[in-house]
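Read off the chains here:
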Amino acid sequence: MSGKVKKTLAGTEKDHADPEEFDLEKMEKETEEMLRLRFITKENAVFERTEGGFVSMEIEGEIYPRVQVYRSFPFTDPDAYISIREPDEKAKEIGVIKNLRKDVSKETRQMLEEQLRLRYFTPKIEKIINIKDEYGFAYFDVLTDHGACRFTIHMGGGSVVNLSDTRLMITDLDGNRFEIVDVTKLSAPELKKLDLFL
Amino acid sequence: MELLFELPRQLKELLRLDRGEDIKYCVPYDIAEDGSLGEAGYIVVTPRRLFITAGNQLAYEWKLEELEKIKCEPLVNNGILLVKEYKQDYEKRVARFTMHHLTRISFAAKGAERLRDKNYRPVNAKEREKTCLKCGRALPGTKKCPKCDGRLVTVTKFWNLVKDYKLGLLLMFLFSGGTTILNLYIPEYQKHYVDNILKTKSGTAQDVLTFVGVMLALTIALVIAEVLKNWWFVSLGARLCMDIRRKMYHKIQELSLSFITDKRPGELMNRVSQDTRMIQRFMQECFGHMFSCIITMVGAIAIMLSMNVTMTLVSVVFLPIVFIISTAFRKNIHKRFHLQWVKSDKINSSLQDVISGMRVVKSFGKEQEESEKFDQLSEEFAAVQQRNEIFWASLYPVLTFVMSMGIYFVLYLGGRNVLGGEMTVGTLMQFSAYAWMLYGPLGWMTHLPRMITQMVTSLERICDVLDEEPLIINKENAIDHEIKGDVEFKNVSFGYRSYEPVLEKIDLKVKRGEMIGLVGASGTGKSTMINLIMHLYEVDDGELLIDGHNINDLNIEKYHSQLGVVLQETFLFSGTIYNNIRFAKPDATEEEIIHASKMANAHDFICKTPDGYNTYVGEHGHNLSGGERQRIAIARAILNDPKLLILDEATSSLDTESEYLIQKALERLTKGRTTFAIAHRLSTLHGADRLVVIDGHSIAEVGTHNELMEKKGIYYKLVTAQLQMQKLKEEKEEALGA
Numbered sequence: 001m002s003g004k005v006k007k008t009l010a011g012t013e014k015d016h017a018d019p020e021e022f023d024l025e026k027m028e029k030e031t032e033e034m035l036r037l038r039f040i041t042k043e044n045a046v047f048e049r050t051e052g053g054f055v056s057m058e059i060e061g062e063i064y065p066r067v068q069v070y071r072s073f074p075f076t077d078p079d080a081y082i083s084i085r086e087p088d089e090k091a092k093e094i095g096v097i098k099n100l101r102k103d104v105s106k107e108t109r110q111m112l113e114e115q116l117r118l119r120y121f122t123p124k125i126e127k128i129i130n131i132k133d134e135y136g137f138a139y140f141d142v143l144t145d146h147g148a149c150r151f152t153i154h155m156g157g158g159s160v161v162n163l164s165d166t167r168l169m170i171t172d173l174d175g176n177r178f179e180i181v182d183v184t185k186l187s188a189p190e191l192k193k194l195d196l197f198l
Numbered sequence: 001m002e003l004l005f006e007l008p009r010q011l012k013e014l015l016r017l018d019r020g021e022d023i024k025y026c027v028p029y030d031i032a033e034d035g036s037l038g039e040a041g042y043i044v045v046t047p048r049r050l051f052i053t054a055g056n057q058l059a060y061e062w063k064l065e066e067l068e069k070i071k072c073e074p075l076v077n078n079g080i081l082l083v084k085e086y087k088q089d090y091e092k093r094v095a096r097f098t099m100h101h102l103t104r105i106s107f108a109a110k111g112a113e114r115l116r117d118k119n120y121r122p123v124n125a126k127e128r129e130k131t132c133l134k135c136g137r138a139l140p141g142t143k144k145c146p147k148c149d150g151r152l153v154t155v156t157k158f159w160n161l162v163k164d165y166k167l168g169l170l171l172m173f174l175f176s177g178g179t180t181i182l183n184l185y186i187p188e189y190q191k192h193y194v195d196n197i198l199k200t201k202s203g204t205a206q207d208v209l210t211f212v213g214v215m216l217a218l219t220i221a222l223v224i225a226e227v228l229k230n231w232w233f234v235s236l237g238a239r240l241c242m243d244i245r246r247k248m249y250h251k252i253q254e255l256s257l258s259f260i261t262d263k264r265p266g267e268l269m270n271r272v273s274q275d276t277r278m279i280q281r282f283m284q285e286c287f288g289h290m291f292s293c294i295i296t297m298v299g300a301i302a303i304m305l306s307m308n309v310t311m312t313l314v315s316v317v318f319l320p321i322v323f324i325i326s327t328a329f330r331k332n333i334h335k336r337f338h339l340q341w342v343k344s345d346k347i348n349s350s351l352q353d354v355i356s357g358m359r360v361v362k363s364f365g366k367e368q369e370e371s372e373k374f375d376q377l378s379e380e381f382a383a384v385q386q387r388n389e390i391f392w393a394s395l396y397p398v399l400t401f402v403m404s405m406g407i408y409f410v411l412y413l414g415g416r417n418v419l420g421g422e423m424t425v426g427t428l429m430q431f432s433a434y435a436w437m438l439y440g441p442l443g444w445m446t447h448l449p450r451m452i453t454q455m456v457t458s459l460e461r462i463c464d465v466l467d468e469e470p471l472i473i474n475k476e477n478a479i480d481h482e483i484k485g486d487v488e489f490k491n492v493s494f495g496y497r498s499y500e501p502v503l504e505k506i507d508l509k510v511k512r513g514e515m516i517g518l519v520g521a522s523g524t525g526k527s528t529m530i531n532l533i534m535h536l537y538e539v540d541d542g543e544l545l546i547d548g549h550n551i552n553d554l555n556i557e558k559y560h561s562q563l564g565v566v567l568q569e570t571f572l573f574s575g576t577i578y579n580n581i582r583f584a585k586p587d588a589t590e591e592e593i594i595h596a597s598k599m600a601n602a603h604d605f606i607c608k609t610p611d612g613y614n615t616y617v618g619e620h621g622h623n624l625s626g627g628e629r630q631r632i633a634i635a636r637a638i639l640n641d642p643k644l645l646i647l648d649e650a651t652s653s654l655d656t657e658s659e660y661l662i663q664k665a666l667e668r669l670t671k672g673r674t675t676f677a678i679a680h681r682l683s684t685l686h687g688a689d690r691l692v693v694i695d696g697h698s699i700a701e702v703g704t705h706n707e708l709m710e711k712k713g714i715y716y717k718l719v720t721a722q723l724q725m726q727k728l729k730e731e732k733e734e735a736l737g738a
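So the protein lines, in turn, are chains A and B.
Here this note's numbering is used: the first residue of the first sequence is 1, the next is one more, and so on.
Here this note's numbering is used: the first residue of the second sequence is 1, the next is one more, and so on.
Source of the hints: derived by calculation from the structure; they are not laboratory data.
Just so it is clear, the structure is predicted and the values come from calculations on it, not from any experiment.
It is possible that some hints are incorrect.
To be verified - Chain B is faced by these chain A residues, among others (derived, beta-carbon under 7 Å):
id	residue
1	Glu43
2	Val46
3	Thr50
4	Glu51
5	Gly52
6	Tyr120
7	Phe121
8	Thr122
9	Gly147
10	Thr152
11	Gly175
12	Lys185
As the list claims (entries may be wrong) - Just a sample of chain B residues kept apart from chain A, beta carbon distances all over 10 Å, derived:
id	residue
13	Asn77
14	Glu91
15	Thr131
16	Ser363
17	Glu422
18	Ser527
19	Val565
20	Ile594
Said to hold, decoys possible - Restricting the straight-line Cα-Cα distance to at most 25 Å, the calculated cross-link-like pairs of lysine-lysine (PhoX-like) are:
id	chain 1	residue 1	chain 2	residue 2
21	B	Lys147	B	Lys331
22	A	Lys124	B	Lys130
23	B	Lys664	B	Lys711
24	B	Lys643	B	Lys608
25	B	Lys343	A	Lys185
26	A	Lys90	B	Lys712
27	B	Lys63	B	Lys24
28	A	Lys90	B	Lys505
29	B	Lys346	A	Lys29
30	B	Lys87	B	Lys69
31	B	Lys143	B	Lys87
32	B	Lys729	B	Lys24
33	B	Lys143	B	Lys163
34	A	Lys132	B	Lys130
35	B	Lys643	A	Lys193
36	A	Lys192	B	Lys335
37	A	Lys193	B	Lys335
38	A	Lys132	B	Lys143
39	B	Lys251	B	Lys163
40	B	Lys366	B	Lys346
All C-beta atoms, glycine included, are put in the ideal place defined by N, C-alpha and C.
Full structure from sequences and hints, please.
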């Protein structure tokens, strides 16, 4: 059986001159590139704010009219290892800023922080005005650091997640996420209302 | 999903629309420039222009033809709308919104791009709203809001479900009425006995016996009546439930695939089993009992009023208090039980995790930690449970006491009346008997609102399925067409969600008998093309022609009966091998089946199994190897003698012998039939007449194997990469062998 399969291989080889060498090298090169962790610093890259409200970057001769800014550890280390990626669907990584506070200039940091604020939108609940529960759904009326808000969550597991012992993440029906940074800082009546979910 | 919101008048005036320029899409966005939440503005699309309002002003306005790109980009927990004008070389962000509007705005953006391309086909937003747009309540997975619909609509729906059982329901009332009358009569008879015989001491032992005898007879009659009534309720409930379940099952089979795939996997099952059970419970426990209670209460109060108005009033005066107390506590009780449920759920999850992951726990030596965690959860649960039970144990007697406090006043007033000669002892006894009869039903009635609401929700979910119209139905004059095998894709575009196209502008002409191999990286749309050919979904744009007819014009059942399908995941039903192969053609003879098996290279291994063709293959055909299941699936497809064959190859590699046998079987199967194959094996690729390479939502290359290899394009890369892998594998095997 394996003999037959080999013959087919041989058949294709005849038509084309040494495709294997070419392919293998190229594949190896690509995989090597994926491994590479390129650090971006103020020395090798220049960022500029575009008129459209985004950020462009020039690094070692490569020009990117728009880049996307991602956090690698949004919860535990928000200013470290900021990944700068291409703006299309594939979002290939161009490079990484190891420490946003140290490795780039103040203006660049402000620009990138603006982009990060755009990308990561998690309102932090400052005050719980009311929680009403009805037939398996809970209706929240809260005050967040982005303004007043009302949302509905599905009671029954999954909607309220403990990121840590005091930090909660609440996901509503639409997929919006709200954060309670420190549960212990809430007032007693608020805690009582929240009791059902803790 | 709503895509045309009502634009406030002063904003509409700002737009200064021309005559005949209608608003096609209008969706709000809710994050303002400074990041604050709230109704920030609207995105308005007309056939010619795109507007964005912010607050009370017009923030942006463009003619659609000026815009190269209108795109909704999802970010983390929010999204932005960006546009790119032709005359500028940068993208511009123009609106920002939360997840609540993300899907809506994606549709609107797609709609705007379509209008710009002068495509006037409206965007079909099939997704459902999560909350009711009118009252803000969460929708339980239905299209319409149970609360907003109004009582009348709900009652109509309920009536539609039960109207076939009119006679049964009537009997239900008669039974209830009968038992109630019996119940109400007994105290009357007692009074008669007490007053006329015991009191006056004018009776004989005979009379006492008569009394006891009659009472016994009445009680037995009552018991029999109750049994009959309950039996009838239960049987009616069960039959009704079965009827609804059957209707739902049929409906689900009729409905299009998108209805099923749009929902969470267990949800439809829940609707068929649990929601129908809720209705059953309602009928059994609630509906009939409700009428018994009402009749009893009305009857009792009527008789009591006819006897003594003051005392009647006194006995009911405490009831409102009880009602208030139990309503006040209802929330508390609900919270307590919910908390208990949450804790018990945590314990269950933890148990499940640890027991199924026991291997990991042991290998990392974490038994102690897990034990401690579990101990704590158990303690919390026990504490909550204890508190709840104590609470309930304390509350219930108190409530019962308060409720029946009226009886003491009744006895006091009644006692005075008897002593004063205005009332006989028997009457007093009768009266207090009726008063007691009130309290039971009233207490039960406090549960009623909750049960009714639960029932209404289940009712909505059931009617949602029953009322749904299947998307893909036979047109009025559907053609019963004998497929010859010419298939043509004409400018076809399709997306499971209309704003995210999986296939764009596909043009392909396939002659009858041709074998087409579909190639491409995973997720590029190969399975989608096959779904469209199988008419499981309908194209969003363009036409799919079978022998020159639009596929939507053909009779669906007839079309499907001429298709043959061999899928990646071989799904065999629980049944015998014989039944599984016969599935394609139930009236096939045994010889036909053996022929089909032989062609599929399956006959030999089937005969080797202990029961031959009668071997039972359990759920998903567990007892067979992957290669054997594939061959049974091929036999099934061959038996059908399909005109159009769909082949979705398994990617997992099997042992070489199975590979060869399957390869041969497939060759026999595809000979002379128009075949669409998602090909992974080189052998299949070689065998194909033409290969179609899909890349980035459209067809990148078309041609024979040799033509495409010469092109050195995407196909070339795919094939050489695979050859490389194979060569490396073989070299390794040889090295190991040596």
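Hints versus structure:
no., hint, verdict
1, Glu43, "violated, 26 Å"
2, Val46, "violated, 17 Å"
3, Thr50, "holds, 5 Å"
4, Glu51, "holds, 6 Å"
5, Gly52, "holds, 4 Å"
6, Tyr120, "holds, 5 Å"
7, Phe121, "holds, 4 Å"
8, Thr122, "holds, 6 Å"
9, Gly147, "holds, 4 Å"
10, Thr152, "holds, 5 Å"
11, Gly175, "holds, 4 Å"
12, Lys185, "violated, 21 Å"
13, Asn77, "violated, 5 Å"
14, Glu91, "violated, 5 Å"
15, Thr131, "violated, 6 Å"
16, Ser363, "holds, 26 Å"
17, Glu422, "holds, 51 Å"
18, Ser527, "holds, 19 Å"
19, Val565, "holds, 28 Å"
20, Ile594, "holds, 26 Å"
21, B:Lys147 to B:Lys331, "holds, 20 Å"
22, A:Lys124 to B:Lys130, "holds, 23 Å"
23, B:Lys664 to B:Lys711, "violated, 29 Å"
24, B:Lys643 to B:Lys608, "violated, 32 Å"
25, B:Lys343 to A:Lys185, "holds, 24 Å"
26, A:Lys90 to B:Lys712, "holds, 23 Å"
27, B:Lys63 to B:Lys24, "holds, 14 Å"
28, A:Lys90 to B:Lys505, "holds, 21 Å"
29, B:Lys346 to A:Lys29, "violated, 49 Å"
30, B:Lys87 to B:Lys69, "holds, 12 Å"
31, B:Lys143 to B:Lys87, "violated, 43 Å"
32, B:Lys729 to B:Lys24, "violated, 58 Å"
33, B:Lys143 to B:Lys163, "holds, 24 Å"
34, A:Lys132 to B:Lys130, "holds, 17 Å"
35, B:Lys643 to A:Lys193, "violated, 64 Å"
36, A:Lys192 to B:Lys335, "holds, 11 Å"
37, A:Lys193 to B:Lys335, "holds, 10 Å"
38, A:Lys132 to B:Lys143, "holds, 23 Å"
39, B:Lys251 to B:Lys163, "holds, 19 Å"
40, B:Lys366 to B:Lys346, "holds, 19 Å"
Taken one by one, the earlier hints fail for this structure at numbers 1, 2, 12, 13, 14, 15, 23, 24, 29, 31, 32, 35, listed in ascending order.
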